[in-house]
Each structure stands twice: as structure tokens, then as C-alpha cells.
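2 protein chains.
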Amino acid sequence: MALWLDAADADFESAFKELISMKREVSTDVGTVVDGIIADVRKNGDAALAAYSARFDSVDFSNPATPMRIGEDAIEAAVAEVDPKVIAALTLAEKRIRSHHARQLPPDDFYEDEIGVGLGHRWTAVEAVGLYVPGGTASYPSSVLMNAVPAKVAGVERIVMVVPAMKGAVNPAVLAAAKIAGITEIYRIGGAQAVAALAYGTETIAPVAKIVGPGNAYVAAAKRAVFGIVGIDMIAGPSEVLVIADGDNNPDWIAADLLAQAEHDEAAQAILITTDAALGEAVDQAVERQLKTLPRSNIAGASWRDFGAIITVPDLDAAMPLANRIAPEHLELAVADPDALIPKVRNAGAIFAGHYTPEAIGDYVGGSNHVLPTARSARFSSGLSVLDFVKRTSILRLGPEQLNKLAPSAIELAECEGLGAHAKSVAIRLNSKG
Amino acid sequence: MALWLDAADADFESAFKELISMKREVSTDVGTVVDGIIADVRKNGDAALAAYSARFDSVDFSNPATPMRIGEDAIEAAVAEVDPKVIAALTLAEKRIRSHHARQLPPDDFYEDEIGVGLGHRWTAVEAVGLYVPGGTASYPSSVLMNAVPAKVAGVERIVMVVPAMKGAVNPAVLAAAKIAGITEIYRIGGAQAVAALAYGTETIAPVAKIVGPGNAYVAAAKRAVFGIVGIDMIAGPSEVLVIADGDNNPDWIAADLLAQAEHDEAAQAILITTDAALGEAVDQAVERQLKTLPRSNIAGASWRDFGAIITVPDLDAAMPLANRIAPEHLELAVADPDALIPKVRNAGAIFAGHYTPEAIGDYVGGSNHVLPTARSARFSSGLSVLDFVKRTSILRLGPEQLNKLAPSAIELAECEGLGAHAKSVAIRLNSKG
Chain A
1376 MALWLDAADA DFESAFKELI SMKREVSTDV GTVVDGIIAD VRKNGDAALA AYSARFDSVD
1436 FSNPATPMRI GEDAIEAAVA EVDPKVIAAL TLAEKRIRSH HARQLPPDDF YEDEIGVGLG
1496 HRWTAVEAVG LYVPGGTASY PSSVLMNAVP AKVAGVERIV MVVPAMKGAV NPAVLAAAKI
1556 AGITEIYRIG GAQAVAALAY GTETIAPVAK IVGPGNAYVA AAKRAVFGIV GIDMIAGPSE
1616 VLVIADGDNN PDWIAADLLA QAEHDEAAQA ILITTDAALG EAVDQAVERQ LKTLPRSNIA
1676 GASWRDFGAI ITVPDLDAAM PLANRIAPEH LELAVADPDA LIPKVRNAGA IFAGHYTPEA
1736 IGDYVGGSNH VLPTARSARF SSGLSVLDFV KRTSILRLGP EQLNKLAPSA IELAECEGLG
1796 AHAKSVAIRL NSKG
Chain B
1376 MALWLDAADA DFESAFKELI SMKREVSTDV GTVVDGIIAD VRKNGDAALA AYSARFDSVD
1436 FSNPATPMRI GEDAIEAAVA EVDPKVIAAL TLAEKRIRSH HARQLPPDDF YEDEIGVGLG
1496 HRWTAVEAVG LYVPGGTASY PSSVLMNAVP AKVAGVERIV MVVPAMKGAV NPAVLAAAKI
1556 AGITEIYRIG GAQAVAALAY GTETIAPVAK IVGPGNAYVA AAKRAVFGIV GIDMIAGPSE
1616 VLVIADGDNN PDWIAADLLA QAEHDEAAQA ILITTDAALG EAVDQAVERQ LKTLPRSNIA
1676 GASWRDFGAI ITVPDLDAAM PLANRIAPEH LELAVADPDA LIPKVRNAGA IFAGHYTPEA
1736 IGDYVGGSNH VLPTARSARF SSGLSVLDFV KRTSILRLGP EQLNKLAPSA IELAECEGLG
1796 AHAKSVAIRL NSKG
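Line by line, the protein sequences are chains A and B.
Read in order, the letters of the first sequence are residues 1376 to 1809 in the numbering used here.
Read in order, the letters of the second sequence are residues 1376 to 1809 in the numbering used here.
Derived from the structure by calculation, the hints contain no laboratory data.
It cannot be assumed that every hint is accurate.
When chains are identical, the list treats them as one kind, so a pair holds in a single copy or across two.
Unchecked claim - Here are the simulated BS3-like pairs of lysine-lysine, each with C-alpha atoms no more than 27 Å apart in a straight line:
{"hint": "1", "residue 1": "K1418", "residue 2": "K1392"}
{"hint": "2", "residue 1": "K1470", "residue 2": "K1460"}
{"hint": "3", "residue 1": "K1398", "residue 2": "K1418"}
{"hint": "4", "residue 1": "K1392", "residue 2": "K1719"}
{"hint": "5", "residue 1": "K1554", "residue 2": "K1780"}
{"hint": "6", "residue 1": "K1808", "residue 2": "K1667"}
{"hint": "7", "residue 1": "K1470", "residue 2": "K1780"}
{"hint": "8", "residue 1": "K1808", "residue 2": "K1780"}
{"hint": "9", "residue 1": "K1780", "residue 2": "K1460"}
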């Protein structure tokens, strides 16, 4: 059974504070190990990658069946293994993700202001991006699409995928997703060593400019360490959902949505806020019922027991400030009129509106991105989009007339800041010919 | 004298590679110290801030003249000290920065696709932002405007400024800039302890959601450490300029621009690429001449000697790939037709077009932002803008008909990924009533 809170209770505020500041992740201090691995890869390149892969993944790159780079033939062979229904679903997903993300391409801008100064910017794609794909059971083909398609839409020319391959094996559906997304450069490497190779390059792997994709504590620490040398996406934490429901809901549907989140990870969090205590009660019972038949019921059960919560509120308006403090990765609005609530959402990665939009649709084929800010980071960051794969160059253009008008203020400020050469670079153009 | 390279030389490629991979910053390993300071502030709050400020900044918060928070009266008193010409210049700068950044507010989007799925997003402002302002000679009023104005334009409700105050004193022009930008919450704290206070909060300082602004190695390490708890902007490195010049230029103007960059910091870098060796020669001589009279000639001279370079190329087209590999923070196009080159720029923080746009105008009153990606990070990141202070919530909305169409593919992929509860949360809506 999950935690029950009632917003009308006297001690609600302190209990709610405790809920949102709950530390769900076991923090592992892997910094020193990771720094050592990065230094080794920078120094020894491919040889270091081979050694770490032998040690951690039991894979031998000198075996012709499992070279570091996964060849085109191997990709094709893997794709042929995958159920055609999965291929069809991935193809549909790719098409829908691509078409939605195409609307995110930001426009260039250039204009002259009232004194004739030209101001503007141009957007260009990052030239090369590394995509980290976890191994094992967290090796999700859908994540390959969600990371790669926005990069493709942005115009990234080179996408390099890395994926750890225990005993050389890679999930064939992951390779199929890569092929559908148009990725051709794939290496059988993982962990901090793969991040280091992407950031600094080796004899075989040319360095990239940005690294995206989820990973374990070592991968996260390595991304944090190379941040600045390359760009990185967010550091992903355990997943979470908040469902806001009025009384007019099927409790089984809500329970299924809560459990879909909880099954990800024992550290995942599923919260229901409802105006109807009876619905809350019914959902709680439905969760227990459904847990009995779920394939991943151990994981989902632990998450629900340790981090799940049901909160009752007097009305939907009272739910919104709580939702914004939770700042959930996923926010389901299981209410009659979701459009009335949407403008009141300040902090959330993604909104799933109405009774027929289970979050799982967004994980796969909705078209929007499933890489979203976790652990309350929706307070300051956004889900993955085309914007993560482009950068802006600003443009400024003055003629002699504009320079004459702005020069005195620029010189005043440069001198106030003690930057004489700044002042001179402006002043010199007023007193001599170009 | 700076390094001379000729693109026609046989060993050019290796010399150029060395130039762009030059490490200009002395890396200081301050991680352990910073981790300790952060833990202390988390545990001891205001008391830790008072102790560090006494130790590092020789300021006593219990002295009524120098409390931790700088009161409105103290701000007013500081503003009254500042030369009215500086106030006027800051006011003009604020107005121009605000008017330009107002164009950066990104639009919301919502549409129905061809099967009736509703897709879109809404942008909302980050609620609270911390602005770090360095102390000492690097305490620039212009930087206060460049960081605060985009946040204000974005709609950030609370901006918290922190600035270390040696013996309690803060640059009055910095306080004037804060007032002009509309910042009212200012604390006399700096270093890793200030970053920790902004990220985690203390008894006096409520935590923020994002921290921006430049700082020394301790500040940078602290920002890296709290990344994830809060958002951060880029980790700024030493500044750089690349000037691309054809033969038809006044060498004194170009020299002045190179030195305006070089005077920032001994680790700053100024590079000239020119099609005309004679101009290069003349610029080199002009630099030496101007160095004799510059107030910061020691700094500028060291930067030019250690990191400056003049590169000759056969034509302007040959300059562009080199510029994109350098990925400069500032790119001046001192050529007859800058518009012909702009589309060829792939990696640069900002372009200054034509002979009458010295970079220093952009530092102060051009209207564009002077917080730009350094150390080749223009390959993957952009200058500061309104986008850094907003975040996007995506929206997905299906009705029963759309769910029926997409459900089979979603279920297929969920099952392929071993996520049974995901599949169930979709399937259950096909078989029962909501």
C-alpha cells in the first residue's frame, strides 16, 4: 500500500514536503573510478576500450564475430531476426516522431532596429553527436528513436551509437531501431569508457561534439566529467508519473497507468492526486489486484510501496500548486476538461490530456519525445527536442552612423570596467578611416 | 610577437591542430574542497555562509554596515555614487538588450495531426534564478545586465544576485546595473558557498531552480557539482576572438580588436586570419605599438605572445573551414561583403559583421548577449538567451479513435521491451469503459 495524504490534514504540508524531497536514488560515488577510466582512454585509446570491454562486458574485439564496430552485415542480420510486427511498429513510431519534431526547427531572424543596427541569429546543427544506449534489460529500441530522430531532423551529419555488448551480443531490436533511424556508425562499447571515447576520440572513433542518452551511475558520472569538452543532455534519474483524476474515472485505468511507471525501476515514483477519496481507495485496491498478474510485479510493487502516494484534495484547483511543486516528468490529466487545467501547469515534462492518453502512448508512438526531465528538474529543463541538436550564432552589424550613435555609451562602460582596449577599439573607428 | 601560420605551408595542418587544441586554462583540482564547502552549507546554512565570508572575504555579517543581504538603502546609496554618465549608458544598454531579447520568446504550439492526435507544447518561465557576479576586477556591471535581462524578459519572477564583497564592499556600478535590471534580492556572498546556498537554500536564502553567471575555478566546480539539483548555464572559459580580414582594412582597427580580447585575461586568445600577408604584418606591428600605451598591456601582451596567432590563407573561402574548427566565441568579419561569408559560418558564438562592428559594441550596447560559448564549445552550445530561462512542457491528447489506431503498435513495442504494465495501460482502455 502506498502513502495516503489528505490536503485538508493539519500536518499535510510537512508530509508533502517530505514526499517531494524523498531521495529515491542510491548515490554511488564512482567519480574516482570514472576519472581513471577517462584518463586511460585518453592515453591508450582503442587498447583501453578493448581492455575495459573484455573486463566488464566479456567481449573480445579481436574475435572476428565481435569487432568493436558493428558492421553493416551484422546490423542487417540482427534486423532480420526481429519480428516484422516490431519492425512495423518501430517504423510507424519513427515516422510519427519525425513528423512531430520537424515542427520544432527554430527560425532564423535578422532585422534592423530603429537606429539601423542589424541584429539577428542563425541556427546550425551540431556536426557530430554520440548516442549512448544502455545494455541489458534497459536497452530500449524506443529510446534509440527518441534520441536519434530529433538529431536527424536537426540536420546532424554524424550520429555515433555506442552500446555495451555482454559477450558481444546486442539487442537486435535496438539495432533495428538504429537502422530505421538511419544510424550506421555503431560501436560495441559502454560505460565510462564509451563516454570518454566519444568525447576525446580514439584511433578508430572520431570525437563528437555532444553526447546524449541514458546510462548507469558510471555513465552519468562520465558525462558530468566531460561536460564542457562536449555538450551533454540532462542527467536522467528514475522515472515518475503524477496522475490528477476527478471522481469520474475507471480506477483500473488509473491503476494501470501508475503501475506502468512503477514497473520501470524500484526507484520510480507514481503519485495520484484526486478530488475523490473513494476513487483513491478504488485505485489503491486495483493496484494491488493488478500487481498479482504483472510480469514485473516485484519491481512495480517495491516502487509503489516505497515511493507511491495517493493525495486527496478538495478540488482540482487545489491540485495544481501541488503538481507544480512535484514538477513531474509525466503528468496525466484524467479529468473531464483537461484544457482548463493545462494553463495552470508550470512545471512538468509532459502532459497527457484526458482519459484516452495513457503515458505509455507517449513512450512509443504518440510522436512527442519520451526523454523528459526527471527528479523535479522540470522546474528548469525541458524534454529532448530538435533544439538540443542545434546551436545559435548571433549576428550584429553596425555601419558608421550606428557606431557613432552607440560609441559614447560603449566607451563609458568599457572605461568604467577598466577595459581600456575595449574603449580604444571603439574610439579608434571614430577618429580614423577604415 | 604572435604565432604566424601560412595555410600553404606543408606542416600547416599539424601546427593548426596544435593551435586549436592548446590548453589555455591552468586546471586547478578544487573538487574536494568544493564538495566540503557544499556539504557544510547544506548542513549549517547561514552560519556556514557567515564563516566562509569572514574567512575568504574578510566581511562580518554581524556588522550592521555589512549584513549578508544588501538592503534597499545600501543599493540606493551605491547608485548615487555612480557617475551619471555610467548610469545613462547602463540604462541605454538595458533598453537595447531588453528590446532585442524580447524577440527571442519562443511560441507555443498545438495542432492535430492527420489522425486527430493533438500534439504541442507550452513554454513557461523558470520560477527563480540565481545570478553569480564575481568580485574584484572581474565584477562587471555589463554582465549583470546580460544575465538578468533575458531572465526578466522570460518572465522569471525571482532573481537572486550573489556577489562576494571583500571587506564588505561591492562595486557600486554592479549594484546600479542590478537596480536598472530590476533585481532587488542581493546577497554579499561568493565562491562555492554562494552556489551551494542558491542550490540548496539556507534559513535566509530560499533555493532557486537555476544558476547562471561566470566565476572562478571554485564557482565553476560548485556549479558542476549542483548540476541536476538546479540547472546551470555553461561553464565559461577564457574569452577569444577570431578576426577574418581581407586586404582592405585599417591595421590599427584590427589590432585594437585583437587587443580588446587579449586584455581580458592572460589566457584569452586573439587570432587573425587574413588573405593578405602584408596586412597581417601591419597588424602585428600595430599590436606592438598599441601595447605600449594600453592600461592593461601586461595582460594583453602575455595573451598575444602566448596564444595570439596570425594565419594567412589564399582566399576568404579557405578561411571558413578554419574558422569553424576554431569555433570562436567571437567572430569578426572585417571584409567588404560579410553577408557572403555568414552562411558559411557553422561554429561561432557571435558574428560581428563589417568594419564598423568592433566586438566591444556587442559587449555593451549592441543589444545582443555577450555571454557566449568559449573554448570551442560553440560546436555544441549557444550564447545566453531567453531560451535559457524558459522550459517546455509537451502536450499529447488522444481520443478513443486515436487510441484504437495507435494501440497495437504501442503494445507491440512495450511487449518487445518487456514492459507488461505499459502494454496493459494501453490495452485496458480498449476493453473496458472509462
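Going down the list of hints, with the structure as the test:
1. K1418 / K1392: between (47 Å within a copy, 18 Å between copies)
2. K1470 / K1460: For K1470 and K1460, only the intra-copy Cα distance (15 Å) is at most 27 Å; the inter-copy one is 58 Å.
3. K1398 / K1418: between (37 Å within a copy, 16 Å between copies)
4. K1392 / K1719: Within. Shortest intra-copy distance 21 Å satisfies the 27 Å Cα cut-off; inter-copy 52 Å does not.
5. K1554 / K1780: between (56 Å within a copy, 25 Å between copies)
6. K1808 / K1667: Answer is between; shortest inter-copy Cα gap is 22 Å, intra-copy 84 Å.
7. K1470 / K1780: Only across copies: K1470 and K1780 sit 15 Å apart there, 52 Å inside one copy, limit 27 Å.
8. K1808 / K1780: Classified as within: same-chain Cα gap 17 Å, cross-chain 69 Å, threshold 27 Å.
9. K1780 / K1460: between (67 Å within a copy, 15 Å between copies)
Every hint, counting from the list given before, is met by this structure.
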